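Residue numbers (the numbering used here), protein chains in the order written: chain A, 1 to 565; chain B, 1001 to 1359; chain C, 2001 to 2230.
Worth flagging that the hints you see were computed from the coordinates, not collected in a lab.
Please read all numbers here as calculations on a predicted model, not as lab measurements.
Backbone N, C-alpha and C define an ideal beta-carbon position, used for all residues, glycine too.
One or more hints might be untrue.
Unchecked claim - Below, in silico cross-link-like pairs of lysine-lysine (PhoX-like), each with a Cα-Cα straight-line distance of 25 angstroms or less:
#1 Lys-1020(B) <-> Lys-1100(B)
#2 Lys-1277(B) <-> Lys-2132(C)
#3 Lys-1260(B) <-> Lys-1229(B)
#4 Lys-2132(C) <-> Lys-1260(B)
As the list claims (entries may be wrong) - Beyond 12 angstroms from chain C on every Cβ pair, some chain A residues (computed):
#5 Ala-123
#6 Phe-182
#7 His-196
#8 Trp-435
#9 Val-468
#10 Pro-470
#11 Arg-528
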Amino acid sequence: MSTRVAESPASLADPDELALGLPESYLSAGGTLGSWLTSTDHKRIAILYALSVTLFFFIGGAAATLVRLELFTPQADLVGADTYNKLFTLHGVIMVWFFLIPSIPTTFGNFLLPLMIGARDLAFPKLNLASWYLNVIGGLITATAVLAGGIDTGWTFYVPYSTTFSNTAVTIGVLGVFVSGFSTIATGVNFIATTHLLRAPGMTWFRLPLFVWAMYTTSIIFVLATPVLALTIILVVAERSLGLPIFDPAKGGDPILFQHLFWFFSHPAVYIMLLPGMGIVSEVITCFARRRIFGYDFMVYALVAIAVIGFFTWGHHMFTSGMSPYAALIFSFLSFVVAVPSAIKVFNWTATLYRGQVGFESPMLYVLGYIGLFTVGGLTGLFLASIPIDVHVQDTYFVVAHFHYIMVGATVSAYFAGLHFWWPKFTGRMYPETWAKFAAVLMFFGFNLTFFPQFIAGYLGMPRRYHVYPPEFQVWNVLSSSGAAVLAAAYLMPLGYLTWSLFFGARAVNDPWNASGLEWRTTSPPPRVNFFGRPAVLAKPYNYHPEGAAPLHDEPRIPSQGSLT
Amino acid sequence: MGSLMPAWLMPVAASTHAAKVDRIFIGLTLVSAAIVLLVVGFVVTFAIRFRRGSKADRGPLPEVVSREFEIGWTAATLFVFVFIFWWAASAEIGAFSPPKDALEVHVVGKQWMWKTQASNGAREINELHVPVGVPVRLVLTSQDVIHSFYIPAFRLKRDAVPDQTTEAWFQATKTGTFQLMCTEYCGTDHARMLGRVIVMEPQDYAAWLSAQPEGDDLAHQGERLFSEKGCSGCHAPGSTVHAPNLAGIWGQAVQLDGGKRATVDAAYVRDSILQPKRDVVAGYAPVMPSYEGLLSDGEIQELTAYIRSLGAGPREVRTPGVPPLSSRVPGAQSERSPAMVPGAPVADTPSPAGPVVRP
Amino acid sequence: MTDPAIATEAPLHAEFLREPWDGLGLPQEEALSYQRFGATFGIWIFIASEVLFFGALFLFYAAVRAEHAEAFATAARETNIVYDTLNTAILLTSGLSAAAASLASEHVPLRRLTQWCLLATATLGLAFLAVKGMEYRDDIAEHLVPGRGFKLPEPSAQLFFGFYWLSTGIHGVHLTVGIGLVARLIWIGWRHPERLPGNPQVEVTMLYWGFVDMVWLFLYPALYLVGRPG
């Protein structure tokens, strides 16, 4: 038996009720709303982020629901053109900046980074709290734009439409994104400093769990890419609201320059949305295959390579804008090259299963789904890196399907995998496993039904951001919208059973999955100071079996990865 | 190779480029399918064979699996991906430059319609007639925001950017009517900015073309006004009045009376028409009458377009009143049709049928 | 705040030491020194992000100037080189006093020197803003604000001045933030003199100030030295 879960709630007492003289868990340390809103405890801030991120997810999801409902038919029968344009803009803006970019780093990263390296907290706890407030204030400002009638520029707010032609609350909307950008930069600074400076004794760089490496490389992108977006937003606001000529062609400005500046941020941003999920996959797959990760070093190099090369591929979003053919070829080449490290990661995850002891607990189901969906999404990226194909499918549903396979199929699956894997650690409760397995499988099928037909519709020529479309595309849209209904159900289910588990779930032991990693060497949930004593690290991560061997049978983990001094 | 994919999964291939694009697409799909099957196959096989508690052999990893193995499959992946890059890139390089004898069509995107103009001046709204088997070169621009000209059947897409021109070309291989769509979000009716491309047999195209009026673009109308309103009375080369020759003057810096310099641009031309005594070129008497109240704004813009079409740079003397057959006026800036002067109002209705009255 | 597992006596600079630096099991002086290193490390990473921010701004400038070189030169000649050469001197001097403050703050006996240097830095910063204000007033009077009635005829000259107002404005905002941070340190030094020496916030603030100074060193030639040969 690999999981040591209490059989019934009654058999494991609430540790707070036992007179053990231990510090109370971080959840109980201060019960007022004020204590939560002023806490500098990275774990509490992670929970605050989890709440705001979930709220934004469902707002963005509601917009998507309306979009897909409208697209059931070729005519405009649900909403008019302007409303539809505002809906897909809302969906994109909220999902990209207020859900995908923060989600894994600010929830899992905040909670787990100090625990995984054996630290007491992040390097700058007050800055961490400030970053949550900045995120929420940014979200409120963008929400104000929605209340002021919405924005209709698309999440990419290309000029000159957004600066000169749109009659919607563009300035307020982008200022909200601007403010939330400071939140991500602050998180990035915090994570980089923490990883460099607060590792426990013995935790060398190449003993770090891959999730920590993923947070570190993501933070580098946070720090270097987000400022360019901040400036781009300032330029748009300067032109639109202050009347300064920036991109205005009549004054000699160049709208294509906006696209370069925007995509210089937004392409690395997609790697912000990708790398953290890859970190989660490495943690979960090793635990449920009971195996060390295959090729740890190459997995680290792959993360770094994706982060670095990703900064130089932005032009592949602009192949049809009239750029020089030489520039286009360079961007195309680099876009092919950046796919190689991603492929290596997929190979290594697959190889990790070899001669393992594979279990099918719900986090593992999400991760197995991730591997399939990410492979499809990544390969379709190669289609888009080929200029002749990209010219045909740019701005069609092919691109929409590609990025949803990566951002939703991969990243959101990883988010749910992590949510289930670390739920016992965050909350001290176990969730109902059967429901979770069902939701994972439902999500996989719902997702494919929603987005695979979009590849076909895109190659056939259906453009994106169309609320009415030529009737020959209807069959694919009906399939896609039906899938969206299934997917919506699959997202609502965890909301239900995870909330249920908070009140009625079985209490969790320190290490219900028998996993490696320092976060499992403390109570579930952890105390405010994270560890009882100071951790020291003695060996490499994922010590599920001796090096050079394989787990002969389903045996408990070798307890030599860490000890408490 | 086209038969590998059922027809309802791919749009009709109606251009020389479309076939190449489809070949690469199908090739990539096969490679991707193979990789997906490989990965999914291994994952499923390993997950079942090595499920917890199964009897499969789990000794140490085989010797072959080592760092060299990892470097090997990394290199193999890089090689496959670079090969695909090379395949796609060579198709792209081959397709980049239009043939020398391509038919030129000017396209203007505007919220929310497409305006096309063939080189003889034939203008269409949301439609484009082209002959089959003839290369067509598109010169695109926009009057307001960025649009994108997309013909799925030709696998052709190019953005139309305001105040810039972009180019693309195609050669249609099938007659028929094909969908034209805007694929760069441009506002409320982006989804309704549709059109048709009608490909005809050469003789049908010639017949269609000759039935089209030659089209009064702005510069031609300005040319007509130049004569009608009496400008040519002083400014034509043979005039007895000492007035500046306007050929080639556009964009030049001129020395004004009183020592200042001015550039001959739209603003200067407008000022010279409405307040001719203000900035007189040195060496000329201030005798030009003002046209304040005699010309509308639109007419001033047409005259400006005409003067602009007389060229910038080396002075080329043209006789006003003799129209050229092509919109490529000698000496004019060749990147853009004179009708496409930024900000100039272009009549949104197609030219009236019937022969054009020429002065 | 402090970890009960560490035995501590009455600390010299206890109020500087914060979590999690106090939970590393190090003796207090070492923990404080490590915390100070961490603060400096953090501000350098933030400065890296600011480099990208201003880098993008200068990229915009470079792209547009490459496209409209002559108009930019004509427009740049309209800027007031006297005010801004003066401002450059002011800001460079403030950089000197900032560096001095940072070094002095490491030594308890130099507390008063630290305070004076901080005061000089803030004062010079305010002087910069005052001179800038006068320059802005003159620019507005000369119709150098893009829009109707702009002084120069070429449209792309307005593009230069769009960049001018935007970049000097953004630099001014950063400088104001810097003055605010320095003023806060002056306040701390006045109210609680013992909290200034060894305070990690001094070096962090001075590094930020140094960065804002550096940005000006790039902005000055971009705006004022174009089209002015010799």
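How the hints compare with the structure:
1. Lys-1020(B) <-> Lys-1100(B): holds, 21 angstroms
2. Lys-1277(B) <-> Lys-2132(C): With Cα atoms ~41 angstroms apart, Lys-1277(B) and Lys-2132(C) exceed 25 angstroms; violated.
3. Lys-1260(B) <-> Lys-1229(B): violated, 29 angstroms
4. Lys-2132(C) <-> Lys-1260(B): violated, 32 angstroms
5. Ala-123: Violated, since 5 angstroms does not exceed 12 angstroms.
6. Phe-182: violated, 10 angstroms
7. His-196: violated, 7 angstroms
8. Trp-435: holds, 38 angstroms
9. Val-468: It holds; Val-468(A) is separated from chain C by about 37 angstroms at its closest Cβ, greater than 12 angstroms.
10. Pro-470: Since the minimum Cβ distance to chain C is about 39 angstroms, Pro-470(A) lies beyond 12 angstroms and the statement holds.
11. Arg-528: The assertion about Arg-528(A) is violated, with a minimum of 10 angstroms to chain C.
Hint violations for this structure: numbers 2, 3, 4, 5, 6, 7, 11, all remaining hints satisfied.
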